[in-house]
Amino acid sequence: SQTIHQWPATLVQPVGSPLSLECTVEGTSNPNLYWYRQAAGRGLQLLFYSVGIGQISSEVPQNLSASRPQDRQFILSSKKLLLSDSGFYLCAWRQGVGSPLHFGNGTRLTVT
Amino acid sequence: SQQGEEDPQALSIQEGENATMNCSYKTSINNLQWYRQNSGRGLVHLILIRSNEREKHSGRLRVTLDTSKKSSSLLITASRAADTASYFCATDPGTYKYIFGTGTRLKVLA
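Going down the list, the protein sequences come from chains A and B. Using our numbering, the first residue of the first sequence is number 1, and each one after it goes up by one. Using our numbering, the first residue of the second sequence is number 1, and each one after it goes up by one.
The set of hints was computed from the structure by calculation and includes no laboratory data. Where is the CB? At the ideal position from N, CA and C, for every residue including glycine. Watch out, some of these pointers could steer you wrong.
As the list claims (entries may be wrong) - Stretches of chain B that chain A covers, calculated by requiring three or more beta carbons in the stretch to come under 8 Å of a beta carbon on chain A:
(1) 35-43
(2) 82-95
(3) 98-107
Claimed, not checked - Per the computed footprint, the stretches of chain A lying under chain B, defined by three or more beta-carbons under 8 Å from a beta-carbon of chain B, are:
(4) 47-58
(5) 75-82
(6) 98-108
Whenever a hint applies, use it, and build me the whole structure from the sequences.
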């Protein structure tokens, strides 16, 4: 069966520090991969998605970036965090168009 | 970006009662999905209804879809305390991007 791992679960980082959140999927190949951010009590904002290795589509400019170095690995990065980057970050995958999304347990990021 | 909207934003009911939440959207869709999110956790897929379907059941869940009104409803029957969570609809316009609503916070009182 397929599983998705996302880490760390919580992270407290100072303003200006770098960020790296990692997500891996097991039990499937060539998944579509997604990074979402959720503000407290709000809906989901799509940040990035990828339909294949090395292919990244960005929905939100700003100081975040994403990479997909391997088929089932998706990384969210920042060179310098801002206070506004605080939030709950969710990685998700799906098998293809029309399939449901499967989410990781999320990373609670607090930028201080 | 466009967002669906759930209604109500929050709902509080007694255990054993039914809970109904609604979702409205703006674009044409291939399917609509409902997800549940427990506090501090990721979303879990509950049910998917295709655009050519009008009603779908899964256990205590019943979903309806009215494409002419661009709306959907999720009914949870005989609710339990464990159903306490936020519920989101997501529309699939047939691209790589799903559009999520803002969610309904359901609280089931024991």
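Unmet hints by their number, sorted upward, for this structure: Hint check: 5 fails alone, others pass.
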